[in-house]
Amino acid sequence: MISAILVMALGAIVLGAALGYASIRFKVEGDPLVEKIDAVLPQTQCGQCGFPGCKPYATAIAKGEADINQCPPGGEEGIRKLAELLGREVKPLSEEHGVEKPKSAAVIDENLCIGCTLCIQACPVDAIVGAAKQMHTVVERLCTGCELCLPPCPVNCIAMVPIAESVDTWKWRYPVFRMMPKEGKAA
Amino acid sequence: MLRALFKFNGGVKPQTHKLDSVRESIGQIPLPAELVIPLHQSIGGTPRPLVKAGEKVFKGQMIGAADGNVSAAVHASTSGTVKAVEMRTMAHSSGLGTLCVVIEPDGEEAWIETRPVAWRSLPAGEVRDILRDAGIVGLGGAVFPSHLKVQGSRSTKFKTLIINGAECEPFITCDDMQMRERPAGVLRGAAILRDLLQAEEVLIGIEDNKPEAIASMRAAVANLGDTARDIQIVPIPTRYPAGGAKQLIRVLTGIEVPHGRRSTDYGVQCFNSGTAYAIHEALEFGRPLISRIVTVAGNVEAPRNYEILFGTPMRHAIAPTRAKPDSDRVIMGGPMMGFAMPNPDVPVIKATNCILVGSPALFPPPEPEMPCIRCGECAKACPADLQPFELYWFSRAKQFGKAQEYALFDCIECGCCAYVCPSHIPLVDYYRFAKSEIWDREREKAAADAARERYEFRLAREEREKQEKAAKLAAKAAETRAKLAAEAAATAAEDDPKKALIAAALARAQAQKAEIQPDNIEQLTPAQQAEVAEIEARRAQIREIAHTPPENKP
Amino acid sequence: MAHNSPYLLKPASVRSVMLRVAAALLPGIAAYVYFFGAAILVQLALASATALAGEAAILALRRKPVWLFVSDGSALVTAWLIALTFPPVVPWWLTVTATLFAIVVVKQLYGGLGQNPFNPAMAAFALMIVAYPLLMSQWPAAGFADFHTQLGLIFGERALDGITMATPLDALRTALHSEENRATVAAVIAQGASFGTLGGKGWEWIAAGYLLGGLWLLQQRIVTWHMPLAFLAALGLIAGVFHLINGDQFATPLFHVFSGGALLGAFFIVTDPVSGATTPRGKLIFAAGIGLLTWVIRTWGAYPDGIAFAVLLMNIAVPLIDMHTQPPVFGHKKGDGA
Ligand code: SF4
Ligand code: SF4
Ligand code: SF4
Numbered sequence: 001m002i003s004a005i006l007v008m009a010l011g012a013i014v015l016g017a018a019l020g021y022a023s024i025r026f027k028v029e030g031d032p033l034v035e036k037i038d039a040v041l042p043q044t045q046c047g048q049c050g051f052p053g054c055k056p057y058a059t060a061i062a063k064g065e066a067d068i069n070q071c072p073p074g075g076e077e078g079i080r081k082l083a084e085l086l087g088r089e090v091k092p093l094s095e096e097h098g099v100e101k102p103k104s105a106a107v108i109d110e111n112l113c114i115g116c117t118l119c120i121q122a123c124p125v126d127a128i129v130g131a132a133k134q135m136h137t138v139v140e141r142l143c144t145g146c147e148l149c150l151p152p153c154p155v156n157c158i159a160m161v162p163i164a165e166s167v168d169t170w171k172w173r174y175p176v177f178r179m180m181p182k183e184g185k186a187a
Numbered sequence: 001m002l003r004a005l006f007k008f009n010g011g012v013k014p015q016t017h018k019l020d021s022v023r024e025s026i027g028q029i030p031l032p033a034e035l036v037i038p039l040h041q042s043i044g045g046t047p048r049p050l051v052k053a054g055e056k057v058f059k060g061q062m063i064g065a066a067d068g069n070v071s072a073a074v075h076a077s078t079s080g081t082v083k084a085v086e087m088r089t090m091a092h093s094s095g096l097g098t099l100c101v102v103i104e105p106d107g108e109e110a111w112i113e114t115r116p117v118a119w120r121s122l123p124a125g126e127v128r129d130i131l132r133d134a135g136i137v138g139l140g141g142a143v144f145p146s147h148l149k150v151q152g153s154r155s156t157k158f159k160t161l162i163i164n165g166a167e168c169e170p171f172i173t174c175d176d177m178q179m180r181e182r183p184a185g186v187l188r189g190a191a192i193l194r195d196l197l198q199a200e201e202v203l204i205g206i207e208d209n210k211p212e213a214i215a216s217m218r219a220a221v222a223n224l225g226d227t228a229r230d231i232q233i234v235p236i237p238t239r240y241p242a243g244g245a246k247q248l249i250r251v252l253t254g255i256e257v258p259h260g261r262r263s264t265d266y267g268v269q270c271f272n273s274g275t276a277y278a279i280h281e282a283l284e285f286g287r288p289l290i291s292r293i294v295t296v297a298g299n300v301e302a303p304r305n306y307e308i309l310f311g312t313p314m315r316h317a318i319a320p321t322r323a324k325p326d327s328d329r330v331i332m333g334g335p336m337m338g339f340a341m342p343n344p345d346v347p348v349i350k351a352t353n354c355i356l357v358g359s360p361a362l363f364p365p366p367e368p369e370m371p372c373i374r375c376g377e378c379a380k381a382c383p384a385d386l387q388p389f390e391l392y393w394f395s396r397a398k399q400f401g402k403a404q405e406y407a408l409f410d411c412i413e414c415g416c417c418a419y420v421c422p423s424h425i426p427l428v429d430y431y432r433f434a435k436s437e438i439w440d441r442e443r444e445k446a447a448a449d450a451a452r453e454r455y456e457f458r459l460a461r462e463e464r465e466k467q468e469k470a471a472k473l474a475a476k477a478a479e480t481r482a483k484l485a486a487e488a489a490a491t492a493a494e495d496d497p498k499k500a501l502i503a504a505a506l507a508r509a510q511a512q513k514a515e516i517q518p519d520n521i522e523q524l525t526p527a528q529q530a531e532v533a534e535i536e537a538r539r540a541q542i543r544e545i546a547h548t549p550p551e552n553k554p
Numbered sequence: 001m002a003h004n005s006p007y008l009l010k011p012a013s014v015r016s017v018m019l020r021v022a023a024a025l026l027p028g029i030a031a032y033v034y035f036f037g038a039a040i041l042v043q044l045a046l047a048s049a050t051a052l053a054g055e056a057a058i059l060a061l062r063r064k065p066v067w068l069f070v071s072d073g074s075a076l077v078t079a080w081l082i083a084l085t086f087p088p089v090v091p092w093w094l095t096v097t098a099t100l101f102a103i104v105v106v107k108q109l110y111g112g113l114g115q116n117p118f119n120p121a122m123a124a125f126a127l128m129i130v131a132y133p134l135l136m137s138q139w140p141a142a143g144f145a146d147f148h149t150q151l152g153l154i155f156g157e158r159a160l161d162g163i164t165m166a167t168p169l170d171a172l173r174t175a176l177h178s179e180e181n182r183a184t185v186a187a188v189i190a191q192g193a194s195f196g197t198l199g200g201k202g203w204e205w206i207a208a209g210y211l212l213g214g215l216w217l218l219q220q221r222i223v224t225w226h227m228p229l230a231f232l233a234a235l236g237l238i239a240g241v242f243h244l245i246n247g248d249q250f251a252t253p254l255f256h257v258f259s260g261g262a263l264l265g266a267f268f269i270v271t272d273p274v275s276g277a278t279t280p281r282g283k284l285i286f287a288a289g290i291g292l293l294t295w296v297i298r299t300w301g302a303y304p305d306g307i308a309f310a311v312l313l314m315n316i317a318v319p320l321i322d323m324h325t326q327p328p329v330f331g332h333k334k335g336d337g338a
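Just so you know, the protein sequences line up as chains V, H and U, in that order.
Under my numbering, the first residue of the first sequence is numbered 1, with each subsequent residue one higher.
Under my numbering, the first residue of the second sequence is numbered 1, with each subsequent residue one higher.
Under my numbering, the first residue of the third sequence is numbered 1, with each subsequent residue one higher.
One or more hints might be untrue.
Pairs of lysine-lysine, BS3-like flavour, derived with a Cα cap of 25 Å [unchecked claim]:
1) H:Lys398 - V:Lys36
2) H:Lys476 - H:Lys466
3) H:Lys402 - H:Lys435
4) H:Lys7 - U:Lys64
5) V:Lys103 - H:Lys398
6) V:Lys55 - H:Lys435
7) V:Lys103 - H:Lys466
8) V:Lys36 - H:Lys402
9) V:Lys171 - H:Lys398
10) U:Lys333 - H:Lys157
11) V:Lys63 - V:Lys171
12) H:Lys7 - U:Lys201
13) V:Lys91 - H:Lys398
14) H:Lys445 - V:Lys171
15) V:Lys103 - V:Lys36
16) H:Lys398 - H:Lys435
17) V:Lys91 - V:Lys81
18) V:Lys81 - V:Lys133
19) H:Lys445 - V:Lys91
It should be emphasised that the hints constitute simulated quantities derived from the structure, not laboratory data.
Bound conformation, chain V alone:
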């Protein structure tokens, strides 16, 4: 009896020591969780999540200070990925943070632009080019669609235009599972 307990205690000690050693030995530097979460976020940098950018939101999620359903640009797919990464339940997008919209890019009406540079200062990814008093334009390829440039524009000349599907970005649809024999085909 005694010896059995001793053996088990010894086993526990050895295992515990091994685990403890491993946790020190294989400790990972930095905070990879934040990086991992940030990698899943869409990087729109729009702030709709209530944080000043994707990285701060990622940090908040990692700390457990924010829920995973606050990023509208990431949408359902983004929530699913976060849930998978963090081993949590998938939940619908929180409405107070916004709705998922089709991916869009900002377009400046070049006839109206007065060259005020205010939008340039607002753009989180430097996607707008132009100098003071020169007409400004958005580089569509770089625009994340965050809409942050809309409010500062004094003449309201920026509009969000959904990015149209092109032959190059067109996707094959999910095949329909044809289980039922087709009806009305006799005609």
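Based on these hints, arrange chains H and U with the ligands on the given structure of chain V.
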């Protein structure tokens, strides 16, 4: 001499349906009322349009210049007037539009000046540029720019050039007819490629169900004498997809080129026979690629091959073959890998090797899809040695990572698996879906990464600016303090000097005031002065508007 | 409705596969009737009717297209395998329960056609032999073909004595085990009335019938050679090795191959695509595993035949086998890197 051939695994033997379209020689089609020539006809960048509406173009004139090196030029296929450069429905399953040059033919077929290319005396890079500007792309259907393939590998010595005349898909006979009627052109093209690539041997693989093409090509080899040296015509067993580039390379040389590797790394390269012909035309006569041979077959009374100008609406090309009344769709390509067109008016493009008219009787809708019974038929049929049903499970469950692990991208979409599946599962549809989803995700990922980088760059810049500003302020403050301290010290020492100092400071301030007056205003014209005033006014206005909260904006 | 390439499809269907499998069972069934009377036909009919009705009912419940799936023939094949592996004179309710269990629980509750991880017929067999060991080991003697008596056994009171006997496999093991290893294989076989030239009397001919049907399936390319060959080879090999070591204690390989459900199993049970391994190497491993386990269970286990348990055990290992035997993809063969 008999060559030892190799085998690829899998493959199927569907009915070939090839005999009907080879009864008559390659025909011509009258000019259509308008030609719609899409600029984007090859893999790679979309060519830049070089013409505007109203401009007159000659046959063979370049109307779209290659965008970067991975791209190929596009040319007017006849002479006439450019009606528009606009979006038109593309010959693509999506039914979306691309930028097209619409030409109204003048009926004169007036060629732009063409000149043979002295390619033998030109450096290889220049020959490649010429091929790119002649718009030469792979005519087997993949439309990969050919000039990129005329390039050996640094690591491996080039050995075998393969010309693909296998043409394994049912119904399609355009290469067959070309090899029957124009064997010399194909061979001369092959000879050019041989010399450009410095190949030791040239193997022209033709499926053994095309004895006429084999005979005609062999006769031409004999006729051409030294030009056709080292060129061999090799009949290969008829089995779909023996005409897939990888499968043909395997059959002829035993080499398996994995996905994502260049075949030149293995000392081989493969061109379609039609491409060889087009290269011959481009270099020997200076004629760019403006037409191709297209098989028009399927549910038509008189299937036949035609030489068709790019941009010809498919409907126009089908007309002489008389589509049967129950036809319900037009397919570009063969029945195994072709794509249904959004409507019959889309133009013939470089990728159009076959226009297949379909009907419910000819291509009946598949029976209802049943669950996979894991019978393994698909795996037996797969020429890429994949496990199609596993790919199907993963694609269906949208487990794209898993699907990639099981080599989804090695799938050549040949359709053998779906052809044999007893459960009638549209397997290839699942792969196409999964592949385009993965591509989309990769695009999104790349965009997100770029956005993150730019955002972080911006943050760093803002941070730097802030620090610089703070540093400046701090420096200034220090300076002032030092000055004050000095002054205080001076005051303590002597009273008079202090007054003198104040006087001096006042004088300096006066001088400064004068300095910041706008320069050179006096010399400006009144008009310019007015403009400056206007700018100032507008600046003031903007400042005002900018400080209004956004909600109050009109 | 759009459908995409390939537009040409081979005229193949699950139905034609299943019906050809059923057809391949016919020579064996004919021999069965010849040696053991028409009772088996009654059982086949019972099982078929139950399977089809059960499948239709549950499909309707699951709101799946009933006719499409009932007519695919897979339930029929399962039913026939149940009938053919059970003793022909088991009471009707046993056949019905077993079939319902196979179709409803093992097949449909796991998702229906194509989804079941276990072979339904074998699962039913295993369940019944555990639940009703006695009923499941009452086999009629060869030549016992009085249809009236058989019907009585199936539908009425059971008066079995003298009519049924142990199967050759059973008889052999019981004899070898009970007489404290004094009996030898040769002696047992010489005395036993149920032994024929190769396996059991009559049974060997039925097995030959299955072999014939199986070869036809091979020719039809419905099964590949991998599974039958690996199964029979493994069974024969291990039997042979032990027979050579101790011929008195261990029966010959031929006896094993022609006894019990070995040949039925080789071509019709082991080869069930849904619950089996799918890669070529996987198929070899899977079938060989069943062969070895079958021999082990036959030799040392407590049940008359070992195939059912061997199949179920290997079913569990299928995902593992498949995962580790993925064939190399085109161009990625040995030494090519990547
Ligand atoms: S809501 Fe905007 S800022 Fe927040 S994580 Fe999503 S994209 Fe980034
Ligand atoms: S052929 Fe069809 S049913 Fe058979 S394994 Fe492949 S996908 Fe499944
Ligand atoms: S379509 Fe892909 S998976 Fe199917 S047989 Fe062809 S290569 Fe294999």
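Unsatisfied constraints (hint numbers, rising): Failing hints, ascending: 4, 6, 7, 11, 12, 18.
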